[in-house]
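S.K.: Each chain, letter by letter, is given below.
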Amino acid sequence: MIRFEKVTKTYPGSGKPALDQVSIDVEKGEFVFLVGQSGSGKSTALRLILREARPSAGRVYVAGKEINRLAGWKVPRLRRQIGTVFQDFRLLQNKNVAENVAFAMQVTGHSREEIAERVPDTLELVGLEGKADRMPDELSGGEQQRVAIARAFVGRPMILIADEPTGNLDPTTSVGIMKLLDRINRTGTTVVMATHDASIVDQMRKRVIELEGGKVVRDQAQGVYGFQH
Amino acid sequence: MQLRYVFTELRQGLRRNLSMHLAVVLTLLVSLSLLGVGILLYQEADKTAEQWGSELQITVFLCNGTTDATPSCVGPVTDAQKSAIEKVLHENPNVDTFRLESQQEAYERIQHLNVPASSFTGSDPAIKVSDMPESYWITMKDPHKAASIKESVQGLDGVANVQDLHNIMGSILGTIDKLRNGTLIAAFVLLVAALLLVANTIRLAAFARRREIGIMRLVGASTLYIALPFLLEALVTAVAGVALAGGALAVVMKFGVIDSLSKLRWDAWVGWHEYWIAVGIISVLGVVMTVAPTLLLTRKYIKV
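Those protein sequences? They're chains G and U, same order as listed.
With this note's numbering, letter number 49 in the first sequence gets 49, and the count goes up by one each step, no holes.
With this note's numbering, letter number 99 in the second sequence gets 1099, and the count goes up by one each step, no holes.
Please note that the accuracy of each hint is not assured.
What the hints assert, rightly or not - What follows is a set of in silico ranges between Cβ atoms, one per label pair, in the way DEER data are often shown:
1) U/V1284 <-> G/K74: 31 to 37 Å
2) G/E52 <-> U/F1207: 44 to 50 Å
3) G/D25 <-> U/R1299: 32 to 38 Å
4) G/P12 <-> U/V1251: 31 to 37 Å
5) G/K74 <-> U/T1008: 25 to 31 Å
6) G/A71 <-> U/G1271: 22 to 28 Å
7) G/R90 <-> U/V1284: 37 to 43 Å
8) G/N168 <-> U/R1016: 27 to 33 Å
9) G/R205 <-> U/L1196: 37 to 43 Å
10) G/R90 <-> U/A1250: 18 to 24 Å
11) G/R205 <-> U/R1299: 57 to 63 Å
What the hints assert, rightly or not - A few chain U residues facing chain G, derived, Cβ under 8 Å:
12) L1003
13) Y1005
14) A1208
15) R1211
16) E1212
17) L1218
18) V1219
19) G1220
20) A1221
21) Y1225
22) V1257
23) S1260
To be verified - Here's a subset of chain G near chain U, in silico, CB distances under 10 Å, partners left out:
24) V75
25) R77
26) R79
27) Q81
28) R90
29) L91
30) V107
31) R151
32) A152
In short, the hints are calculated from the structure, not lab data.
By construction, the Cβ of each residue, glycine as well, lies at the ideal position given by its N, Cα and C atoms.
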């Protein structure tokens, strides 16, 4: 589903590569944690998957497409197959819960009937049934993140990218969010999550890829946050 | 493509940036009006030259055997006399080109002048084709050498009189040219201001919508879909600016030209036909001026 082949990414004006000869292979339906300190290259890896950046060397394949070669006008189509969740939720404050979720479908050309059918289903899946009319500032952090996840998942993407989704949440709420991501993963969606949250990684026991200085220093099935043999 | 979002965004965008949009519309109004006046003046100069000859032209009227009192006219001009006149013109080094206007052509031209239509109609019209003189319209190489041409043809057999308006036409056309250039320069400066205002408006609009745009990019909205509200905003602004400028020009035409200047004894005023040409040009320019920078800048601000 996602493959990095000796990928190097160096940003202009920076002598040191953000990613250095990284090779990763993520299968369809996998749940992968990307861990590492700030500046280790996690966000760059996510940006490459989303084709927000292009590799300086090497190849990145996402959903069977080599993103370096992907024409600009085909990028939106690629992104429709990827849902994205961020630490800061990025909700539209002037829209209610249902409108925030529907927005992702509206702007990608879905019909009203599809939207009317899928938005309530997705809100139910993320545990927000009955809160469709609430505005974002009336929700807790955990609920806001659930709205963001619903928005990312409403188009039924093949891949879900989560960049520190529990970074702003307390431990109890974080567990709820992780359960939700796990449930989404069980539908066959590949989940790649960058995180600093050791307890969550340790609890979930999923594949862990650790980056350090732009290199993969560990790729462990059912791993934990800290290094463990 | 769902257009409901696009139109909602368009409405919100226009409301959110109302003052900037008004600034663009007003600048477009003034700049396009000035441009329109410049285009009308350009056409006025053309029309004047067409009707009365440019500063480079003198006109030699030939005898038509009816109203001439000149000694060189003993009847209608003959072909031999015309050949002799043409020979003189060919040999004069100051003549650039010349053409013969027939009685029929003169008759048709005079119908466009400020002469009552009743003069040309009826069983015995006041003005007939046979009343019109044939004439040579001569274009000089140098308007200051008009006297030499005039002297060479004046008094030749078949020549009724020589009309040399180059001094008057030179100053009239010169004044029109200066007015036109002045308005075009002012219009150009204001159009540059309008361009910069459009650029600023788009930057503000993109900033105000940065979160929506960011989400749209991430969920895979097409670039056109993201750019559409910006393009429509620019289009609405352009249409408003062009409509107001067209209205201002219409006011100038109605009260400045049709109702006032046309009453003067001068038959070469621009009319509604020229107005619509000017409106056509400012419409195209107004739309291009706002939509083109919007296209360029939205590509920059909402790059996928």
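S.K.: Between G/R205 and U/L1196, is the Cβ distance one that fits in 37 to 43 Å?
M.R.: Violated, since G/R205 and U/L1196 (Cβ atoms, about 59 Å apart) do not stay within the stated range.
S.K.: Tell me if U/R1211 is really an interface residue toward chain G, meaning its C-beta lies closer than 8 Å to one of theirs.
M.R.: Constraint on U/R1211 satisfied, holds at 6 Å.
S.K.: For the hint on U/S1260, just tell me whether its beta-carbon gets within less than 8 Å of chain G.
M.R.: Result: violated, 54 Å to nearest chain G Cβ.
S.K.: Closer than 10 Å between Cβ atoms is the bar; does G/R79 clear it against chain U? Give me holds or violated.
M.R.: 4 Å, holds
S.K.: When the nearest CB of chain G is found for U/V1219, is that gap smaller than 8 Å?
M.R.: At 4 Å from the nearest chain G Cβ, U/V1219 passes the 8 Å test, so the hint holds.
S.K.: Taking the least C-beta to C-beta distance, is G/R151 closer than 10 Å to chain U?
M.R.: This interface hint holds because 7 Å falls under the 10 Å limit.
S.K.: So the hint says 57 to 63 Å: do the beta-carbon atoms of G/R205 and U/R1299 match that?
M.R.: For G/R205 and U/R1299 the Cβ distance comes to about 46 Å; the hint is violated.
S.K.: Measuring from the C-beta of G/L91 to each C-beta in chain U, is the shortest one below 10 Å?
M.R.: 9 Å, holds
S.K.: Can the suggested window of 32 to 38 Å be confirmed for the beta-carbon pair G/D25 and U/R1299?
M.R.: 35 Å, holds
S.K.: Regarding the hint that G/Q81 lies at the interface with chain U, is the smallest CB-CB distance below 10 Å?
M.R.: 8 Å, holds
S.K.: Hint says 27 to 33 Å; check whether the CB-CB distance for G/N168 and U/R1016 agrees.
M.R.: With Cβ atoms ~29 Å apart, the hint holds.
S.K.: Against chain G, is U/Y1225 within 8 Å by beta-carbon distance?
M.R.: For U/Y1225, the interface hint holds, since the closest Cβ of chain G sits about 6 Å away, which is under 8 Å.
Consistency with the previously given hints fails for numbers 2, 4, 6, 9, 10, 11, 12, 14, 22, 23, ordered from lowest to highest.
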